[in-house]
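Residues per chain are reported as follows:
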Amino acid sequence: MVMSEEKKEHSFYETQGGPAGIFSWILSTDHKRIGILYLTAMFSFFFVAVILGLLMRLELIAPGRTIMSATTYNAVFTVHGVIMIFLFIIPGIPSGLGNFLLPLLIGARDVAFPRINLMSWWFYITGAMVILGSLFTGGGPPDTGWTFYVPYSIKTGTNVTLAVFGVFLLGISSTLTGINFVTTIHRLRAPGMKWFRMPLFVWSLYATGWVQILATPVLGLTLLLLMAERLFGFGLFDAAKGGDPLLFEHLFWIYSHPAVYIMILPAMGAVTEIIPVFARRTIFGYKAIAFSSLAIASAGYLVWGHHMFTSGMSDMARMVFSFLTFIVAIPSAIKVFNWVASLYKGSIELVSPLLFTISFIFLFSIGGLTGLINGALATNVYVHGTYFIVAHFHYTMFGGTAFAFFAALHYWFPKITGRMYREVLAKSACLVLFIGFNVLYFPMFILGLEGMPRRYYDYLPRFQTDHFISTIGSWILAIGLAIMFYNLIGSIFRGEKATSNPWGGSTLEWTTSSPPPRENFEELPVVTGGPYRFGKGK
Amino acid sequence: MNEENIIEGKSDYQGSKMGMWLFLFTELLLFTGLFLLYSAFRSRYSGEFHAGAAELNKTLGTLNTVLLLTSSLTMALSIKAIKNGQKKLSVLLQGLTVSLGLLFMVDKYFEWSEKIRHGIYPDSAELLQRGKGETIFYGLYYLMTGLHGLHVIAGIILISIMIKMTINERVHREKFVKLENAGLYWHLVDVVWVYLFPVFYLIS
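Line by line, the protein sequences give chains F and P.
For the record, in the first sequence the residue sitting at position 435 is 435 according to this note's numbering, with numbers rising by one throughout.
For the record, in the second sequence the residue sitting at position 52 is 1052 according to this note's numbering, with numbers rising by one throughout.
In short, the hints are calculated from the structure, not lab data.
Under the rule of at most 25 Å between Cα atoms (straight-line distance), these lysine-lysine pairs were calculated in the DSS-like manner:
#	chain 1	residue 1	chain 2	residue 2
1	F	194	P	1017
2	P	1088	P	1164
3	F	155	P	1132
4	P	1164	P	1087
5	P	1087	P	1017
6	P	1178	P	1080
7	F	287	F	345
8	P	1178	P	1088
9	P	1017	P	1178
10	F	241	P	1115
11	P	1132	F	241
12	P	1080	P	1017
Selected chain F positions facing chain P (Cβ under 8 Å, derived; list incomplete):
#	residue
13	183
14	232
15	241
These figures come from a predicted structure and were not determined experimentally.
Yeah, the Cβ is synthetic: ideal placement off N, Cα and C, and Gly gets one too.
Whenever a hint applies, use it, and build me the whole structure from the sequences.
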């Protein structure tokens, strides 16, 4: 491979013609720049949402008022949820890393619709600005919870309409990205890259793209109806006018359940890339993983009712949803078995991307298994609306998706930045994060089982010890995040220069320079075999 | 289009069509959701929906249907024209499509203002007093025809842009996928109306 000083001239960071300065970035149709734009924006929002989370934990360190009033607390957890879910986790891996990596992984020069890609980013930023604007105008930040349930979301004087409009714009961004990725994967694979020679991260982006296409319009509809209700009083959700409040819950969850698969599928795809490299062997069960991604995406449409078991649905409906919820766990479990089998008897290199990956497998498994507890009708009655649920979704979304995101950031860091980060700091960050995460969230399972409701500002004295431990955990977690970002951001500027393939990976992105040139590849590759081939002496 | 061309980023006809169809699918899902809501509420308030349908202006509704169906014809013909290299004819037909779309909106304006004059609009005292079934019927009526109307306006803007591009020859005999995609969008808008019309105006 051609290395050395030449690559700096050719790297995509060098602007060649066209607008200069910041405009060469925010008006760029280069998928790599757009990916970085997304990453920069979403981690800024993540930072804000983390602060909100820390404030929530600070409030909850003791019963009664600690640092804020009850109405402020409602707004804080609502905004924490809205930012984390709509601005960080849902766009997260697909828009951040997927944008950067998809064309590289399939041997293409860009995505199918580069200008629509840029437009997706602009919808994202505009939506984010509208949401952030809603915090400071009108009646103040929404206090309904990120789920915006009616009737409160219709009656409250807070800025629900504006916030919901912002989310609507984000939905458009997500849908356009889905269309772009699905078309890209169909049309732009390098010669010789048949479907079953694609890297599994690409399979996961494909399945995710379909979910984005099929589910997000329902969110758009739901939010439109909510805005129409608030602005014009249509009455569709208002029982006094002939409507039905439960309708909102159905519509909302018909999107929001598939949304969690938008969150987890790319994360699973990313770790499936990392494991073969650091076990120095091919993935176990390639087709099982590919098909299970599609299975999760499909079956995920059928389970939304499990968020509504206590809402008054018929017994028959609840039994069907519960059964389907158990079914959808199976493809996820298949993946876990395949990952573990891939590590078994591999030649393990315990570097930071793999450490984050192993943490992911452990934390996501806890999250997934507790999901079964939530999904069983008998137990759901006790855990619905409690801290057990809060712990469950943080284990899956944070311990799952976010940890996989961190793993992927470390793994692809050299490719994106052309530099290496400091391994000791990375390992330390992983350890501190893992400890902090469990100290923060595990007590919540116990709190939930003992009856502590979620979204409550105050609590009985018997819950205090677990809340106290949890808050300490939040500080440990914060330190872990600080170490990690100090490492990564510092290394962008001062890290050691990276070669094109520092990890010995076998997928196409590692055949071009770090960072890649504007056109991705000097010559487009021709693919002759599967993606994970590690021979002796490679 | 061979693979090299596609991968090298030159125009990809199939890819463009695929992207457009996927987008149309999302629009279809949006409206299907609304139609499902309609069916759910209709089964609850069948009598009132029946009565509400009788009150809507069938003449204006039929006129709208004729306008939109004709505009879909002119749109399809405009694409045929550009494929034959008949630039002026294509521009004319696209212009006709836009005009028919505008007439649709004018007609809609008359329909809605008539209802509003009678005090029938979301959250009005008159409507609420008529009872739950009619409140929901008209709520869905305004919502669905309103959302459809927004899409008609979007289509009008889109085709106007196509007219400009055809005149500038950015759309021409060899490269017309943009016009085809605009045509697909317009046909979707038409199809949605084809379902809206009987469901609101005719089932009684």
